[in-house]
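*Asks:* Chains as they are written, first to last, in the working numbering: chain A, 1 to 353; chain B, 1001 to 1366; chain C, 2001 to 2366; chain D, 3001 to 3588.
Since the hints were made in silico from the structure, they are not lab data.
Some clues are possibly wrong.
EDC-like mimics (lysine to aspartate or glutamate), calculated; alpha carbons at most 16 Å apart, straight line [stated by the list, open to error]:
#  : chain 1 : residue 1 : chain 2 : residue 2
1  : C       : K2237     : C       : D2283
2  : D       : K3418     : B       : E1053
3  : A       : K347      : D       : E3082
4  : C       : K2237     : B       : D1176
5  : B       : K1109     : B       : E1099
6  : C       : K2237     : C       : E2180
7  : A       : K45       : A       : D71
8  : A       : K45       : D       : E3539
9  : C       : K2118     : C       : E2133
10 : A       : K43       : A       : D71
11 : A       : K43       : A       : E6
12 : A       : K347      : A       : D132
13 : B       : K1111     : B       : E1099
14 : C       : K2237     : C       : D2289
15 : C       : K2237     : B       : E1175
Not close to chain D: a few residues of chain B, all C-beta gaps over 12 Å, as computed [claimed, not checked]:
#  : residue
16 : T1006
17 : L1173
18 : V1304
19 : R1335
20 : P1352
Just some of the chain D residues that point at chain A, by a computed CB distance under 7 Å [as the list claims (entries may be wrong)]:
#  : residue
21 : G3066
22 : F3070
23 : S3149
24 : P3254
25 : R3266
26 : Y3356
27 : S3359
28 : W3444
29 : L3447
Remember, it's a predicted structure, so these values are computed and weren't measured experimentally.
Heads up, the beta-carbon is just placed ideally off N, CA and C, and yes, glycines get one too.
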Amino acid sequence: DSPTSEAARNEVLPMPAKIDTSNGLVIDGERIADKELYEAAKKDKVVLYSGSGKESEDLTIARFKAETGIDIELTRMPTNKLSERVLSEHGANQLGAGVVRVTDPLVAQQFAERGVYVPYRPPSYDELSKADNVVFNDGQYLTAYYSAYTFGYNSQAVQGADVPKTWSDLLDPKWKGKLGVVHAGAGGTVTALAAFQIDAFGENYLTKLGAQQPRIFDTTSVQLEALARGEISVATLGFNSTYGAQVAGAPIKLVVPEDGVSGSFNLMGLTPAGEQSPAAKVFINWTMSKAGQKFAAAQGFVPARPGLEPTPTGEYQLPAADSKQFHLFTPEDAAARSADTIRTWNKAFHFTG
Amino acid sequence: MQVTITNLSLAYGRFTAVNGLDLTIADGESIVLLGQSGCGKTSTMRCIAGLEEPTGGRIAIGDTVVFDHDTGRSVPSFRRNVGMVFQSYAVWPHKTVLENVTFPLRMKKVKRGPARDKAMEVLGLVGLDHLAERGASQLSGGQMQRVALARSMAMEPSVLLLDEPLSNLDARLREDLRVELRHIQQERGLTSMYVTHDQQEALALADRIAIMQGGRITQLGTPEEVYAAPASASIAKFMGVTNVFAIGSTSGNGVELAGFPIALPTASPAPANADSVAVRPEDVRVRADSTEGRGFAGTVAVSVYQGSSVRYQVALDNGPTLDAVCPAGPGALVRGERARVEIPAEAVLVLPDEVGAAPAKEEVAA
Amino acid sequence: MQVTITNLSLAYGRFTAVNGLDLTIADGESIVLLGQSGCGKTSTMRCIAGLEEPTGGRIAIGDTVVFDHDTGRSVPSFRRNVGMVFQSYAVWPHKTVLENVTFPLRMKKVKRGPARDKAMEVLGLVGLDHLAERGASQLSGGQMQRVALARSMAMEPSVLLLDEPLSNLDARLREDLRVELRHIQQERGLTSMYVTHDQQEALALADRIAIMQGGRITQLGTPEEVYAAPASASIAKFMGVTNVFAIGSTSGNGVELAGFPIALPTASPAPANADSVAVRPEDVRVRADSTEGRGFAGTVAVSVYQGSSVRYQVALDNGPTLDAVCPAGPGALVRGERARVEIPAEAVLVLPDEVGAAPAKEEVAA
Amino acid sequence: MTTMQSTRAQAPPEAPLPAPSARRRRWRRPRGLSSLPLLLVVAFLVLVPAGFVLLAAFSVDIPRPGSINFDLTLQHLAVFTEPGVLKATLNSLIIGVSATLLALLIGGVLAFVTARTDIPLRGFVFLIGLMPLFLPSYVGALAWSILGSPVAGLLNIGMRDLGLDFTVNIYSMGGVVLVMGMFYAPYAFLLMHSSMSLMNPDLEDAAGVHGGSTWQMLRNVTFPLALPAILGSALLVFTHIFENFPVSQVLATPGQIDTLPTFIYRLMNASPSRGNEAAVMAVVLVIVVLLVTLGQRRILARRSYTTVSGKGLKARRISLGGWRWPLFGFALGYLLLAIILPLAALVLTAIRTSPYMQSFSDLSAPGAIDFGSFGQVLRSDLFLDSAGNSVVVAVASAVLGTVVAFLVGYTVYRTRAKARGLLEGVSMVPLAIPAIVLGMGLLWTWLVMPVPLYGTLAVLVIAFLAVQMPQGLRGIASSIQSTERDLEDNAVLHGARRSRAVLSITVPLMRVGIASTFLMLLMLSMRELTVPLFLYTSETHILSITIFDQFENGGALQQAAAMSVIYCLIMFVLSYLPRRLGSGSITP
Ligand SMILES: Nc1ncnc2c1ncn2[C@@H]1O[C@H](COP(=O)(O)OP(=O)(O)OP(=O)(O)O)[C@@H](O)[C@H]1O
Ligand SMILES: Nc1ncnc2c1ncn2[C@@H]1O[C@H](COP(=O)(O)OP(=O)(O)OP(=O)(O)O)[C@@H](O)[C@H]1O
Ligand SMILES: [Mg+2]
Ligand SMILES: [Mg+2]
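Modelling step: build the complete structure from the supplied sequences, incorporating the hints.
*Replies:* Have a look at this one:
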């Protein structure tokens, strides 16, 4: 067994206590698939295209396989390239994926408009529609879970009283030149963070942060790497990927600040090909099931399904999606405010691009 | 195989190297192409071989038209069975001597063994059999040239073009190979075209000599014809006739030199288009000045020993300086000595300066 | 500048191309190096120019030792001020004709303007000034050769090495350039070494001729000396003496040919190491057979017209076949005619087959 | 001077003919290789994707399958007025020019010493010139950020350990130029090496004899004769550097240096992505590169660069004398900076349990080092599958690429085919289109093609063929220009078909050049990342993408580093065959 499947099976979260496949698929009492669907799905294979982080997707598919026994195959690439590919393949009637997952609401919306997503209601649909921002276009696509964005520090370079606890701690002059940020234009999650910072602390906050002369990165991965090595001491970070790095042994610790966490979407939907694929349907059912959502939470995502008991992510406890502490950058926000936000951010950080 | 070239032209960009050339080489004939450096000899050969796309004209080898500008027909080189020894040798530096020579045989599907034997035989002819296994670029200049020659000889083509194939060889080797070449050419009835700057070679190898000037053939005839009756003063000069003088006026059986009060007798009355007289140095007789007697008086300006002969330059009193080549022997004149110079009337050639267009074969042969 | 070469050797791998060569070229002297293809001429020049690392010996130019195998001293080429015209031309294809010729001047820090003028002047000498701006690769073979020559002439080196510099030129141009070269060489007192396969050229250009055989110098002397008294039968053959016969026995002022009942008169008694007799074809006189008279009777086997002369091969009755070159003229003999052949005693050279070691200068000059 | 006049009078009358008629320019030999089918193939491979890019630049919508229309607009040109474009362009130009010069210098010197001199351990120095090719620039940049970042860079840590008060800052213009220059030097090296090993020493000797010192000889003869290779590699290297995104991303952005590629990346990354505008920039780049190609053609057309002639080719080594060891030192220095240090950094990252380190003494702590990551990588199915796929794709596309490049190069430089200028231009187009944009073009092309290639390894091979056409052509072209045409013509005269003559004369003479081209294409295919990203599927995973994913994860740095090291090793092993073919001399 590969290290990934081992981690997926037990390290991240112990396997569900009870998986019953005698009559369809039932996990911990929740029916994921009826008998007909499940039997068909076992002969089928999920084809998943994802713009989400590779490592978390690897964990997720390994877990899915372990819990359902259904084969799954992943093609991952950065969201912008993914979107280009999906739209092109779809246009040429060659879209192979049954499920497509993206991290940008605007991209998901575009998929919906072009018919890449077709309406599908998983068993938990009624539950899901109780929450805001989870079901879109009557189920054409769904929020699988949310990504949280906070900050973190190098746990070997920064210790004891030095550890920042709130967003305002980042403005401390001692971090001058030791901060890292990814520029706001680099993707939906960072734009969301900037919007959150403006909303919560005012534009002034950005200006002051900019005056700290942080190191500006193009991608999260390069920044994370720099943080692990201590090139920078503190950085604003995506929670899930950073947690993965920490588990993998990087000397990084995350902070879940009292004064708020920025959140962004992780959306998925069934494609026309997925309509013909029982396995794809089971994958969506499973993702939105309690078991799937818990596993996401354990990996460092914020579950989208309302009403679940909190699941810790290792030593951390992220706020629930509906809590005050969790600031979502909704698709409407994204459409209306992205450009402005980026411009403001660029000005504050004297960044061109 | 007969080679017929009609109105052939070739231009490199704006420069015309071959300019309406007409030439027929009879089957089994050996033509020597003579012409000064840059007159288009190599270019003509490359056209025959199919290595250049002529800008006009027609070439036929035997009954096959291999190139015709008007119809656009052009047979690729490798189908023409034309052998060529390049002026630049073009030995393949990455092959051994033997591999170079075996190549054309292998191309003719000769088996490895017989090809090797044949190649060794030809290498023997050019005196290189002991170097067969040497890399072709580890040779001296003359050795490379012999490899190039051997390679084309091994091929036994129907037409053989030789572009100064012996220029880097010593006199003796050259003579041997010249004899060998002539032998093979006559024995196999090979049609061949040969460029050389060596008059001995031209005379020894040629059935006919073609004089090329400015991209066209200006005289064509047997060696004796061309030597005895050059068609123009410029050809005469090129054939080594150094005594060429402009004519002032003609009067019956004599011409007066322009600028000098000297008249030369001629064997027959000078024709209308005559511009110059030419006298071969070998035909000029020089004696120590016995004051009376026929001929012109003068002073020896230069006297060069040339082995079997002596070359004089004699400045005639009130006249031009004449070149003369006399048999060496006792009593050679030295610089400054007075001399008497005699020019027989048969030796005085009265000629136009240039030949206008390429003359038809018959005209020249006359 | 005087060039002194002592015991020079050069090997390519296991093959020895130059083998203990000794040669001194006096200041301002012109030496012509004659030798058959592959005997090591180019190699020797390359050693002098500093392009090969000799495997032994010593070379001095003027007072400077430029190479000494024992001390390991080796002055790089560009400091030797030795010009060389390459057998392969080595014209730079990426430069224009003018750029090629200006190069050595620019290397001598001559300003652009004067360098250009000088180069154009030299190009004028070789008849290429009208092609100055042409790319050097767009030239005919002879034109390239002239560029190579012009390049070395423009350099005005202290020693000039010319490796068959005129081999691709027509007779007339060659003669002009030969005169020009000799003129410059004498005027500037240039020390030069010249390889040629053309005997005329050798005789015209040489102060002394050095005969090279198998990697060493076997005879050294003025043209007349070498021509008149070749040191060995093989040199005589190389010098164009085709009539070389082994000696059977000697008796006073006469030698008997091996295998034939024929005796030739000699001018002086034959020396002890004599192996062969040699007779120059030019010295053989051929007459139509007037049955009585001196000389040997025979039949004309070959008769070749050579312009100013006729070349015969006469098969002597009960004797060998003799080559003869006679002045052309009326009454030439034709194949099959009976002839009478006369050989003057002075013309009979009695020689050893080979020269053992490189002889000292004095020995040869004798 | 009478002779002067008389020789002059002999000058042949140069009768200028009326300009050659169009008829006359019929293409002649070689009929067997007549250029039309070739032009069609190349045009199909290159122009269809490029056409999509062009359409994208001037159409309202992105012309992806299903929504291709011809509503044209010029509004995307407005991208050039965006703030920062000018600055970014300027930065890119500065980086491009200086790094190109650096790459040419390193590549040129190494090529010269290995091809022509008696440098010690020649084979090893050859390998030094080549090796950075085994390190994708992305990995190289990351390794250098590990080494040279100002605070935690290993070099700086080492310096602090030694008590030296000196800080290396790789996040600077100088750093970017250094890394770009070092990692692109192998291109220059390969192209120039093959060209220089074909030198005819007589041409050089002539310079020495005529008073040129060794330096003058190099300047006037050796390097000018290698001009096709030098210009060719300069063009390649410059455009690559100009478009290089990963190095900019890793090293320039943290140093607040904006470049055009990061700018294009941001356009593509914007939401919704601004593909049209990126395409506009690509079109402008295409125009620039075509102009440069044309200029290069012009410069080269007027002269000849043949060094291999039928009068012999005597390989001769120039003695470096006192320069032997300093130049060897230079090579070692390059080895250190381009290979040893980055690889050491990667190995260290792969085996260190914690990426954080304040002093090298930390490494001696128990448990600080663990080689497990290598084992993990080697046991992973994903890695093994992608490695297999990579090798198959790389070998196939390098073989095909070399063949196509040879055919194109031959047609362009050896025949008088009418279309040869066009053919060369078309083949150079992919050079100008940034990979990310070209990747989209290829994606659209192979999705709409009615052949079921999409989703197979074949489509990757075809895409690589198209993308690497310019590299292949430049690699071949310089060698073709070095060999005299007479040699091949002669074989034809001796009865060989043109194709046979090419195979038995031209190809062997160009062996070094062909092997270098093959090697270059092989390595490029192993490294190619952006284009396959658009075309790969889970079935056709290749190694470059797997590694990219590992790095993108951020967290899996240890595995990523381990994988990179193994990746380099695979490339090294793979390069063995073409290197064997390419070393050694031409003469028997
Ligand atoms: N690189 C080499 N390797 C081995 N042998 C060589 C090499 N170069 C030349 N030779 C041999 O050395 C001998 C002398 O060569 P060199 O070029 O000096 O002859 P040469 O006297 O100039 O002859 P030619 O008149 O034909 O030019 C020749 O027999 C040749 O085969
Ligand atoms: N590639 C070229 N471009 C332009 N002109 C050329 C080219 N090749 C040859 N020429 C010119 O064409 C003319 C004829 O060249 P060609 O090689 O046929 O001469 P040639 O008679 O063989 O002379 P040589 O006896 O010197 O070899 C020359 O004047 C030469 O300068
Ligand atoms: Mg010629
Ligand atoms: Mg020689």
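*Asks:* If a hint holds in the structure, say so; if it does not, say that too.
*Replies:* Here is how each hint holds up against the structure:
Of the supplied pair hints, the one linking C/K2237 and C/D2283 holds, its CA atoms being roughly 15 Å apart against a limit of 16 Å. Simply put, D/K3418 and B/E1053 have alpha-carbon atoms about 14 Å apart, close enough for the 16 Å limit, and the pair holds. With a C-alpha separation of about 14 Å, the suggested pairing of A/K347 with D/E3082 holds against the 16 Å cut-off. For the hint linking C/K2237 to B/D1176, the alpha-carbon distance of about 12 Å falls within 16 Å, and the restraint holds.
For the given pair, B/K1109 sits about 14 Å from B/E1099 by alpha-carbon distance, which is consistent with the 16 Å threshold. Pair hint C/K2237 plus C/E2180 does not hold up; C-alpha atoms about 30 Å apart against a cutoff of 16 Å. Pair hint A/K45 plus A/D71 holds up; C-alpha atoms about 5 Å apart against a cutoff of 16 Å. A distance of roughly 13 Å separates the Cα atoms of A/K45 and D/E3539; the hinted pair therefore holds under the 16 Å criterion.
A hinted pair counts as satisfied when its Cα atoms are at most 16 Å apart, and C/K2118 with C/E2133 qualifies at roughly 15 Å. For the hint pairing A/K43 with A/D71, the CA-to-CA distance comes to about 8 Å; that is within 16 Å, so the pair holds. Between A/K43 and A/E6 the alpha-carbon distance is near 24 Å, which puts this suggested pair outside the 16 Å criterion. As the CA atoms of A/K347 and A/D132 are separated by approximately 33 Å, the hinted pair breaks the 16 Å bound.
A C-alpha spacing of about 13 Å is found between B/K1111 and B/E1099, which places the hinted pair at or below 16 Å, so the restraint holds. The suggested pairing of C/K2237 with C/D2289 is violated, with an alpha-carbon distance near 28 Å, which exceeds 16 Å. Annotation: proposed proximity of C/K2237 to B/E1175 holds, straight-line Cα distance about 12 Å (limit 16 Å). Consistency note on B/T1006: stated as away from chain D, and its beta-carbon is indeed over 12 Å from all of that chain's, at 17 Å minimum.
Non-interface call for B/L1173 relative to chain D: holds, since the shortest CB-CB distance, roughly 19 Å, exceeds 12 Å. Distance check on B/V1304: its Cβ is at least 16 Å (rounded) from any Cβ of chain D, clearing the 12 Å threshold; non-interface status holds. Non-interface status of B/R1335 relative to chain D is upheld: no Cβ of that chain comes within 12 Å, the nearest being about 18 Å off. Even its closest Cβ contact with chain D, about 16 Å, leaves B/P1352 beyond 12 Å, as expected for a residue assigned away from the interface.
Checking D/G3066 against chain A by beta carbon gives a least distance of about 2 Å; that is within 7 Å, so the hint holds. Taking 7 Å as the C-beta cut-off, the interface hint given for D/F3070 is violated, the closest approach to chain A being about 16 Å. Here the hint on D/S3149 is kept, as its CB sits about 5 Å from the closest CB of chain A, short of 7 Å. Contact between D/P3254 and chain A, as hinted, is supported at the beta carbon level, the nearest pair being about 5 Å apart and thus within 7 Å.
Restraint check, D/R3266 versus chain A: the minimum CB separation of about 5 Å is within 7 Å; hint holds. With its C-beta approaching chain A no nearer than about 4 Å, D/Y3356 sits inside the 7 Å limit, and its interface hint holds. A cut of 7 Å between beta carbons decides the hint on D/S3359: the least distance to chain A is about 12 Å, and the hint is violated. For D/W3444, the interface hint holds, since its Cβ comes within 7 Å of a Cβ in chain A; the closest pair sits about 6 Å apart.
Hint on D/L3447 holds. Least Cβ distance to chain A is approximately 4 Å, under the 7 Å limit.
Hints 6, 11, 12, 14, 22, 27 from the earlier list are contradicted by this structure; the remaining hints agree with it.
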